[in-house]
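Mind docking chain B on chain A? Use the hints.
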Amino acid sequence: MKYAFFPGCSMESTAEDFKMSTLAVAKALGIALEEIPDWTCCGSTPAHATDALLAASLPARNLAIAKSMGADVVTCCAACYSRLAAANLVIKEDVGLRADVADAIGSDYGGEVRVRHFLQVLSEDLRASEIKDALVRGLDGLRVACYYGCLLTRPKELSILEDPEDPQLMEGLLAAAGAAPIEWPFKTECCGASFSITRTETVKRLSGEILKMAKDSGAECIAVACPLCQTNLDLRQSDIENATGEKIGLPVFYFTQLLGRAMGISDRELGIDRLMTDPAKVLARLDR
Amino acid sequence: MICRIDPTLLAKLDPEGKLNLAACLQCGRCSSGCTMRTETDILPHQMNRMVMLGLTDRLLENNAIWTCASCHTCVSRCPMNVDTPALIDKLRAMAQAGTETGHYGRGGPPSPPADVKRIRVFNEVMLGNMRRFGRIYEFGMMGIYKLRSRDFFSDLMKFPRMLRKGKMKLRPPMAKGRGAAAKIFDRTRGRGTPRRDENAPHSQGRSSR
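Quick mapping for you: the protein sequence lines, in order, are chains A and B. For the first sequence, numbering that gives the first Met the number 0 gives the first residue as 0, with consecutive numbering after it. For the second sequence, numbering that gives the first Met the number 0 gives the first residue as 0, with consecutive numbering after it.
Wrong hints could be hidden among the right ones.
As the list claims (entries may be wrong) - Per label pair, the in silico range of CB-to-CB distance:
#1 A:Ser106 with B:Ser153: 36 to 44 Å
#2 B:Arg48 with A:Ala31: 47 to 55 Å
#3 B:Phe138 with A:Glu34: 17 to 25 Å
As the list claims (entries may be wrong) - Far from chain A by the CB rule (all over 10 Å, computed), these chain B residues:
#4 Arg3
#5 Met49
#6 Arg57
#7 Met161
Hints listed in this document are in silico derivations from the structure and should not be mistaken for laboratory results. Please read these numbers as outputs of a predicted model, since none were measured by experiment. The C-beta atom is built at its ideal place from N, Cα and C for all residues, glycine as well.
Next up, chain A with everything else stripped away, as it sits in the complex (with noise of 0.2 Å):
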C-alpha cells in the first residue's frame, strides 16, 4: 500500500514525535508513506480566516503534486486534513474558483485526489487482522479517554467519522490493541485550537474542562489525533493545574504512540520522551 503522505508543519516542530510514532507504525504494518517532495503549508487557520482563494490554493499546489504520485494522500494531522479536504471540495464545486485557482498555482487541479487522515487507513484500508498480527504485546486495559476534537470531526462533508457527537474509530483501534476505552461526554468538544496564543485563557478554560472530564470518567491517560489538541492538553496542563490548584496529571498520548507501543515498538522511536505531563506512572503499570 502507496501514499502520498502530508506531514505539515507541526510534524517538523512540536509534534515531530506524532511524525515518528506514525512512521513507525506504518513501518511495522507495511504501508508506504511516501513524503510529497517540496510540500509546503496548507494555509491552516489565518488562510481560511482571510481569504478563500489563498485558502483553496495553499492546499491545491500540494494536492497537484501528489496527483502526479497517483496516490491517496495521507496526513496525520487534523487541521491539514481538514484545509486539504475542504479544498477538494470548493474547487470541485465551483469552476470559477477551479480556474482562479488554477492562474495561482500554475497548474489546472480540479480536487480528484482523496485526502484521507492516518486513522481511515488503518481502520479503513487494514484488515483488522493485520493490525493484530503486528501486534506483539497488550495494553493491559489501559484506560484511555480517546479524544477528537473538532477537525476531522466537523463539518459532516468533511467529518471521517459515522458519528460526529459519538465516534468510535479510535476507541476501535486501541480496543484492538487490547486498551479498554472508556465513554466519556467530551471527545468532540473544542480544545479552543489556535486560540493557544492569542487568547491563553480561553484556551485553558477549554482544554481545563477536558481534561477535568476525562479525569472524572477514570482515564488514566488521553489519546488524541491532532497536534494542536496534543498541544493544548499536554503543554497547558501545567498551566490549568496552577490556575485551579487541582493536579490532573493525565500524559496525553498521540494515538500511534499507543499502537507503536502495544507492536513492540521502543519508547525513543516514537518520541513518548518529548511530551510534556509525565507518563511514566502509565508506562510503568503497562511495562509490568
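Just chain B now, kept in the frame of chain A:
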C-alpha cells in the same frame, strides 16, 4: 446609537444563497452548543439575523467574528444547514479587506479591542511566515508575534523545555517549495472573496502591503 442598515449585505456575503441564511429558524441550537458562547458578544443565531438585517457596522466592530473558534459545532447541529462558520470567514475577510468601513466616515471604524487585535496580528504574522518560509517556522513566528503584539513575556518559560524536548526548532525549515508558496500569495492577493473594491475608502493603503 445610530445604526445604519445595508440592504445589500446578504447579497454581498452570499450571492448564490449557498449558506442557507434565509432558512434559519432562530431555534438557537447553534448558540446553545457554541464553544465560545460565554465569551462572544453576538451568538451565532443572532449573527445570522444581523446579516439578514444588514447591520454591517455592528457585525464588524464587535469581537464576535474573531472570537469564533471555527469548531463547526453550530453548522453540524443546525437542522437547516445554515453555514455560520463560512459566513464568519466571509465577514473576517470583509473586515480585513477594509472595504466596508465607509459608514464611519474619514476616521474609519473604531479600533478593535485588544484581544481581537492580537488574533488579527497573529493571523498576519503566521501568513507572513508561511509566505517567507513555505512552511511554518514556529520559533521565528513567535518572536515576530511577540514584538508586534507587545506580549513579550507569556510562555517565555516554556521555550527552554520545548527546545530540550525537540518541540521547537531554532533553525527555519528549508522547504524547496518556499518560492512556490510566495508566488501563490502574490497571485491571490486581492483576488479572494469578497472581491476588493479599489475605489472604496481605506483600501488603497492596505493593498500595497
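Hint check:
1. Distance hint for Ser106 of chain A and Ser153 of chain B: a CB-CB separation of about 42 Å, consistent with the stated range 36 to 44 Å.
2. Range check, Arg48 of chain B to Ala31 of chain A: Cβ separation about 52 Å, and the 47 to 55 Å hint holds.
3. Separated by about 22 Å at the C-beta atoms, Phe138 of chain B and Glu34 of chain A satisfy the suggested range of 17 to 25 Å.
4. For Arg3 of chain B, the shortest C-beta to C-beta distance to chain A comes to about 25 Å, beyond the 10 Å cut-off, and the non-interface label holds.
5. For Met49 of chain B, the non-interface assignment is confirmed: its Cβ lies about 19 Å from the closest Cβ of chain A, beyond the 10 Å cut-off.
6. For Arg57 of chain B, the requirement that its beta carbon stay farther than 10 Å from each beta carbon of chain A is met, with the minimum near 20 Å.
7. With a least beta-carbon separation of about 7 Å from chain A, Met161 of chain B fails to lie farther than 10 Å from that chain, contradicting its non-interface assignment.
Consistency note: the structure conflicts with earlier hint 7 alone.
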